[in-house]
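> Residue numbers (our numbering), protein chains in the order written: chain H, -7 to 312; chain A, -7 to 312.
One thing to keep in mind: the hints can contain errors.
Pairs count within a copy or across copies, as identical chains cannot be separated in the list.
[Said to hold, decoys possible] Capping the alpha-carbon separation at 27 Å, the derived lysine-lysine pairs in DSS-like fashion look like this:
#1 Lys122 to Lys266
#2 Lys218 to Lys199
#3 Lys160 to Lys285
#4 Lys93 to Lys(-6)
#5 Lys312 to Lys142
#6 Lys119 to Lys142
#7 Lys93 to Lys48
#8 Lys266 to Lys295
#9 Lys92 to Lys45
#10 Lys295 to Lys285
#11 Lys312 to Lys92
#12 Lys202 to Lys218
#13 Lys160 to Lys193
#14 Lys160 to Lys270
#15 Lys312 to Lys122
In short, the hints are calculated from the structure, not lab data.
There are 2 protein chains.
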Amino acid sequence: MKEVTYGLDIGGTNSVIGIVDREGQILAEDTVSTRKFPVVEDFVETCFSMMKKLEKSLDEEVKIMGIGIGAPNANYYNGTIEHPPNLVWEGIIPLADMFKKYYDVPVVLTNDANAAAMGEMIFGGAKGMKHFIEYTLGTGLGSGIVINGKILYGHTGFAGEIGHIIMKPGGRDCGCGRQGCLENYASATGLARTTLELLSKRRDESKLRKIPSNELNSKLVAEAAKEGDPIALESFDYTGKILALSIANAVAFSSPEAIFLSGGLSNAGDLIFKPTRKYMDETLQIIFKGTVKLLLSEIPENKGAIMGASALAWNEILNK
Amino acid sequence: MKEVTYGLDIGGTNSVIGIVDREGQILAEDTVSTRKFPVVEDFVETCFSMMKKLEKSLDEEVKIMGIGIGAPNANYYNGTIEHPPNLVWEGIIPLADMFKKYYDVPVVLTNDANAAAMGEMIFGGAKGMKHFIEYTLGTGLGSGIVINGKILYGHTGFAGEIGHIIMKPGGRDCGCGRQGCLENYASATGLARTTLELLSKRRDESKLRKIPSNELNSKLVAEAAKEGDPIALESFDYTGKILALSIANAVAFSSPEAIFLSGGLSNAGDLIFKPTRKYMDETLQIIFKGTVKLLLSEIPENKGAIMGASALAWNEILNK
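Make a model of the complete structure from these sequences and hints.
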């Protein structure tokens, strides 16, 4: 009987669930609408039905060892989701306990960025690393910090919010209600906002001027940059600069051996890695120069959510 | 026979050494000139003679359980001091091994800020805390970060350099060769530099205008502030603001339950605590509001160096 875990990633619109083996292979997966279930118990029951079907769909028998869940506002210590603004459920939801009613196995909850870091450690480029940080550069900027081989949860369970480190006091408005947080600069959305700012500041020609600001996104900026558009290139340069400053500061704090980038913006490749590396060389404190690598995540983006969530469960089992 | 450890704090000019019991009582102590010993082996031999004398001076027999050493550029992992710019010794000095020739006990080395944090955890206000940070606000700004009850050393052994987090790119020149690091703002020296900047910016009367800039220090600024001097008061306010920003960012990173302040500037009491608390309330991300206390170190300043170093040894022994 093959030992497997479940990886469940809960999103505001949809959730994905998959059966994952110790090597990170997703043996079966399915998607469920999160929004359709205003009552969380119904959601969990539906997940359970799906899970049974997934197990039956396999050629071999499996033994479920644990369930890992990536979810917004997840509290690792309590196994709860707490006041999630982007989910249909309200208050404090004891999700781990709800799943334990169906499966008597370890159920581990944390946010998606911590799950991504765990995926990197168990299945990806951070195998064997004790100190690293994963930056997920999507709509926002999430981060999972690994210290001594463990995700950093801190006193509250909510540590690892590098995206909400204030880089520019009084700067760009942030969804958290404050201003100048990193994620408004170093993320797919941040890149688009930087591009807008540059379009307002500079006078040179750019095909990006033809795009309405609410349609401007990191993909379009990347395409323009590849064609040599000067605004787009400066936009990536500026994004790399502020990302490198954040990395230099994170290194002064926790001295990791690697920083991994994942998420939409990381797909821009050299456009983002080159300036980030250049400014890291300039900005790192001398004692840390040459001690930290900047790496692309080795987890395929379309599998990251399930693999990361599953890795949470594997990690819990392996460290028992 | 009473179990004790040694605490040794190595400074550029002088070093202090003391015998410390499990409760943090310094049973005997002495001072030795560091500068007088250009050959490190001679320094260690002299320390050994001093230690034997200290032991003889006691009323009761003691058992030496370990030696803790606080030193600049100390590498915890290797037990070495590495290229210390402010010491008379050069290169990589295997100090732990040198002391082990005289005492066959655990010998632990780290920098003085990590030692201060350890002193706080073993003997001071952080007893029983698993996640906290100690800021030592002296000439510079040192920091010791405790995660899951352990000092954070990171991949290199040099983690915890919050004083060298860049708060203002292109800002004040720093001793590390870069610009805008926190310690040039939030430290005794930083306060004096802020005062100078305000004296240049503002036009109002201040008794601080009579003091040559190289004689301006945090004590004089504190005295003036107590008399209501507006420049001095604004100087403390600004220092508290940037310190609070640093704390809010550190909380986003590691979510500690407390921040301890120690060192010269912390003695200014309400002058520094009040603005720092006020700006922390303004600056902390909502999910962390009310989760972190700002506290004065409970280790007496004149005993901190020996107690901190000794605590390193006690911690090593207790966690064996």
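> For every hint, state whether the structure bears it out.
Evaluated hints:
1. Lys122 to Lys266: within (26 Å within a copy, 39 Å between copies)
2. Lys218 to Lys199: Classified as within; 12 Å inside a copy, 60 Å across copies.
3. Lys160 to Lys285: both (25 Å within a copy, 24 Å between copies)
4. Lys93 to Lys(-6): within (23 Å within a copy, 54 Å between copies)
5. Lys312 to Lys142: Answer is both: 13 Å inside a copy and 20 Å across each meet the 27 Å cutoff.
6. Lys119 to Lys142: both (12 Å within a copy, 23 Å between copies)
7. Lys93 to Lys48: For lysine 93 and lysine 48, the Cα distance is within 27 Å only inside one copy (20 Å; across copies 66 Å).
8. Lys266 to Lys295: within (26 Å within a copy, 49 Å between copies)
9. Lys92 to Lys45: Classified as within: same-chain Cα gap 18 Å, cross-chain 63 Å, threshold 27 Å.
10. Lys295 to Lys285: For lysine 295 and lysine 285, only the intra-copy Cα distance (24 Å) is at most 27 Å; the inter-copy one is 40 Å.
11. Lys312 to Lys92: Within. Shortest intra-copy distance 18 Å satisfies the 27 Å Cα cut-off; inter-copy 36 Å does not.
12. Lys202 to Lys218: Cα proximity of lysine 202 and lysine 218: one copy only (17 Å, versus 60 Å across).
13. Lys160 to Lys193: Classified as both: same-chain Cα gap 18 Å, cross-chain 22 Å, threshold 27 Å.
14. Lys160 to Lys270: Intra 21 Å, inter 19 Å, cutoff 27 Å: intra and inter.
15. Lys312 to Lys122: both (18 Å within a copy, 21 Å between copies)
The structure shown violates none of the earlier numbered hints.
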